[in-house]
Amino acid sequence: MNEALFSQIAMAVLVTGLIGWMGFIVWDLAKKSQAGKFGTIALFAVLGTGVIGFVIKTVVVEILQI
Numbered sequence: 003m004n005e006a007l008f009s010q011i012a013m014a015v016l017v018t019g020l021i022g023w024m025g026f027i028v029w030d031l032a033k034k035s036q037a038g039k040f041g042t043i044a045l046f047a048v049l050g051t052g053v054i055g056f057v058i059k060t061v062v063v064e065i066l067q068i
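If you're matching positions, the sequence shown starts at 3 in our numbering and goes up one per residue.
If you're looking for bench data, these hints aren't it; they were derived computationally from the structure. It is possible that part of the hints are untrue.
[To be verified] List of simulated lysine-lysine pairs, DSBU-like, C-alpha gap at most 35 Å: (1) K39 <-> K59; (2) K33 <-> K59; (3) K59 <-> K34.
Build out the structure end to end from the sequences listed, making use of the hints.
What follows is the structure, encoded as structure tokens:
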């Protein structure tokens, strides 16, 4: 296994773990602040936009082969 392959695998695994951890943090924040159903949806929608942007960027880069 060369360094480039290791970096690619580690990036995918660690970023996925980070996204999961961020989801847990948002859920815990909504729970502790008693945000309710609408507030929880709003938190996930607003804070999840960054995650969606990262995923879209990754897909576009793979499609365009940049």
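* Structure-inconsistent hints, enumerated in ascending order -> Of the numbered hints given earlier, the structure breaks none, since each of them holds.
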